[in-house]
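Enquirer: Single-letter residue listing:
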Amino acid sequence: MAKIASPRPTGFLALLSVATLLVLAALYCVAFVARPDVTLGIVQKIFYFHVSSAIAMMLCLSCGSMLSLIDLFAPSDRIDALAHSAIETGLAFALMVLTSGPLWARKSWGAWWTWEPRLTLTLMLLLLAAAVLGIRSMAADGSGRKIAAALASLAAPIAYLIHVAVEKWGGTHPMVLKGGGIQSPGMQLTFRVAMLAILLFAATLWTLRFRVLRLEQRLHALRLELSAQDVRKQRPGAPT
Amino acid sequence: MRRFVTAAAVFLLPMLAFADAPPEDLNRFKEAPVSGGLLLIAAYFVMWLVLAGYVARTALKQARLEAELRALEDRLDGKS
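Top to bottom, those sequences are chains A and B. For the first sequence, numbering that gives the first Met the number 0 begins at 0 and goes up steadily by one. For the second sequence, numbering that gives the first Met the number 0 begins at 0 and goes up steadily by one.
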């Protein structure tokens with residue numbers, strides 16, 4: 000029997016190295032390049048990774064949502080693995096957002112949590128991603144795949160609503176006006192480096208998780224082939 | 000089915016408890032100042048802990064699966 004090639008995309012290690020270097024550079028910028036905010040003080044430095052993680056979360060979950068929709072109508076193991084890995088990576092970033100956010104909010108708003116539109120929608124998105132993964136793991140025989148894919152397809156609209164929540168319904172999050180936002184060159188540079196680092200890190204994690212899921216699928220196929228060989232061995236007349 | 004019901008109960012019961020709770024008085028936080036530096040360190044620690052945990056879990060799973068895949072391939076080669 001021909002060996003099944005292990006899924007090793009070339010350049011994965013290079014991607015991982017560049018992502019790690021960029022993360023280190025971003026941490027350096029946060030510590031030494033960006034000055035503390037005049038109004039909020041040092042706690043404002045949470046912003047650089049909090050906002051970048053939120054964008055990574057929305058991108059990963061939106062991609063996972065669209066891939067799930069494709070998988071719903073044209074089922075394919077590859078698309079399914081891509082969607083599943085995107086949702087899992089998105090969930091990791093959602094956890095980062097919803098742990099760093101309250102710590103920042105405690106200082107700047109005076110409360111760990113408020114039920115404002117953007118926060119509530121982000122929590123909904125996190126619970127949705129957790130539910131999708133929960134359904135998949137509980138229905139291990141594949142019966143939950145369609146239900147999970149249908150549920151996951153809701154993630155993209157929720158991510159869009161998170162994006163427009165402040166503009167449409169207000170809330171405690173600040174509204175970023177055109178041409179506004181951070182003005183200091185040091186802060187701008189730090190934000191750009193952090194954003195690039197987090198997005199590249201998200202892509203690396205997505206690739207890593209995708210490889211593992213493809214391995215699982217190959218393993219499943221091999222087990223099936225092995226059991227078919229066992230049947231043929233026991234019944235030599237059985238069709239091959 | 001039982002697992003679905005248990006999972007739903009685990010998710011929903013704490014929500015019911017929160018639904019009955021009186022609205023939180025946000026003013027009490029304003030009276031207790033906290034160190035911004037401490038919150039910053041806590042935020043970065045938790046964020047990187049989440050990411051490191053996820054990477055470690057995935058990498059360990061990959062190593063275990065690759066070993067299992069090699070063993071199965073060898074077994075299939077021996078048989079065919």
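Honestly, the hints are just simulated from the structure, not real lab data. Everything numeric in this text was worked out from a predicted model, so none of it was measured. Every residue, glycine too, gets a C-beta built ideally from N, C-alpha and C. Check each hint, because a few of them may be wrong.
[Unchecked claim] In silico contact screen, one side only, chain B against chain A (beta carbon under 8 angstroms); selected entries:
1. Ala42
2. Leu50
3. Leu64
[Unchecked claim] To spell it out: a stretch of chain B is covered by chain A in this simulated footprint if at least three of its residues, at any positions, have a beta carbon under 8 angstroms from a beta carbon of chain A; those stretches are:
4. 33-41
5. 68-77
Enquirer: The structure should be examined with respect to each hint, and the outcome stated for every one.
Expert: We went through each hint and held it up to the structure:
no. : hint  : result
1   : Ala42 : 4 angstroms, holds
2   : Leu50 : 7 angstroms, holds
3   : Leu64 : 4 angstroms, holds
4   : 33-41 : holds (count 6)
5   : 68-77 : holds (count 6)
In terms of the numbered hints stated before, the structure departs from none.
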